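K.L.:
Each chain, letter by letter, is given below.
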Amino acid sequence: MNKQKKSGKTLIGVVTVICVALIAFSIIFPEGTDPVSSVVRMAVTPLQRSMNRFGNYLSGLSGNLSSSASLKEENKKLQEKVDILTAENSKLVLDKEELQRLQTLLDLKNEYSDYDSVGANVISKGSGNWYNQFTIDKGSNDGITVDCNVMAGAGLVGIVTKVGPNWATVRSIIDDDSNVSAMVSTTSDTCIIAGNLQLIDQGTLSLVKLMDDNDHVHVGDKVVTSNISEKYLPGILIGYISELNNDANNLTKSGQLTPAVDFRHLQEVLVIRTLKNYVASTDDAEKDKAEREDSVKKAAKAQESEAAAQNQEASDTDLSSADVNAPAEATQDNGAEADAGEDVDVEAAQEAAQAAAQAAAGGQ
Amino acid sequence: MKRKLWLTILCIVTALLQTAWPSFLQIASIRPNLVVILTASFALMCGSRTGLLMGFGTGLLLDIFSGGTPGFYALIYAWIGFLMGYAYRIFYDDDIKTPLLLIAGSDLIYGIYQYIGTFLLRGRIHVFFYLRRIIIPEVIYTVILGVFVYQLNFLINKKTTRKYF
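Chains A and B supply the protein sequences, listed in that same order. With the first letter of the first sequence counted as 1, position 313 gets the number 313 in this note's numbering; the numbers rise by one all the way through. With the first letter of the second sequence counted as 1, position 8 gets the number 8 in this note's numbering; the numbers rise by one all the way through.
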């Protein structure tokens, strides 16, 4: 007994040191422990998948017990909805055709609709109640990489944070650690959508830093991922504004947003394999163009000055060569002066340099 | 040797169940903490050494499965196992109150550790909200589930020990 207690104390010391070292190591080298965890997770993915399937089967059983009366009622409601949506859809198809026609006229490419994506099952949901991260059963074998966007149904679910051959970890947008750069679809005003554990009961996310000087944004407006985001593809639906208030600084607004996805019953998700190509965004393209124009101008100027310099060189060759050497000596002298004197200002230094240069030229 | 194998399998199964807990068994979107139940009950039944080793192993698996900082869970579960092991001397077969009390205390420690380690450090200071919404409900659910899971752990421990004392 006594011996066991003693070894227990030694052991807890050893274990504490190991854990602290591991934590420190993973903070210093964020990807240092990935190979080990990748192998272990690769091995348990089939287990997790089958356990999850069993859980879904059980939940399906409990779902089957609901009465047929409620199902009939629901069916009736859904039928009505189908009728409404069918009518709406036929109108939208016409609109879409018109849009395509106009887009071809204007030579615009349809950039939002055709992302390359792959479906995946949610097989594990983090370790406790504090985080909203989950694991899916597809990985780099299916072309998924870190920073791939994840969707379910109509809306954005989250982003891939870690990836292995047959698994990937996704941080959902309702996670307390998540921030998404977004914009209001009607006005293109940008804002940040931040997950907040304190809002989980309302089923909302917090919306902050909305720049809306003209008060055009209203409750109920659609919020999509912004085109200035580094990682999220533009135009993916996040949700609808459910509350909006002025901030204390009177410059920005904040509020709440109801997500478009039902995060409680997430089983299948869609991973978009197309990554946001941040460098090729339109802003940067414009910048590139401006830079190119600048460089052309500079080249022209350089040619001009070169021509002028050649003319001058022809007139006084000796002096220009002296000028080139002089400044180096001048700065050295100057440095010595600065060390000796207490506060030599820049102008004085320049004067001294010029004097030294003249002296050097005179000497030659 | 055989006992060690069984306990290892138990650790793996518990970590897997913890990460794959089905959503229809969540109450108010709260999951119970099975790893706390496992660690606290084995610490009570077998002492500090077994408790801290099982806590460390299961915590490390949990770290890997959930993709978090490795060592974060391992550290707290090892300490829970070690501290609860001091109750080994007051362990009786037919007593259910002590294990439940230990499980409740352990889960409370775990909740506070998790809050400080991952939320307070990011400036989320509403401690009472998190206590009321996450930590206390988790303790209650864990204790209720602990009534059954402790019995199961007790049986597994009894069957795998050669000499029944």
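Keep in mind that a hint or two might mislead.
[Said to hold, decoys possible] For lysine-lysine, the following DSSO-like pairs were computed, each having C-alpha atoms within a straight-line distance of at most 27 angstroms:
#1 96(A) to 222(A)
#2 9(A) to 76(A)
#3 77(A) to 209(A)
#4 72(A) to 96(A)
#5 97(B) to 158(B)
#6 2(B) to 231(A)
#7 77(A) to 2(B)
#8 2(B) to 276(A)
#9 276(A) to 162(A)
In short, the hints are calculated from the structure, not lab data. Owing to the predicted nature of the structure, the values given are computational and were not obtained by experimental measurement.
K.L.:
Hints broken by the structure, by number, lowest first?
P.N.:
2, 3, 4, 6, 7 and 8
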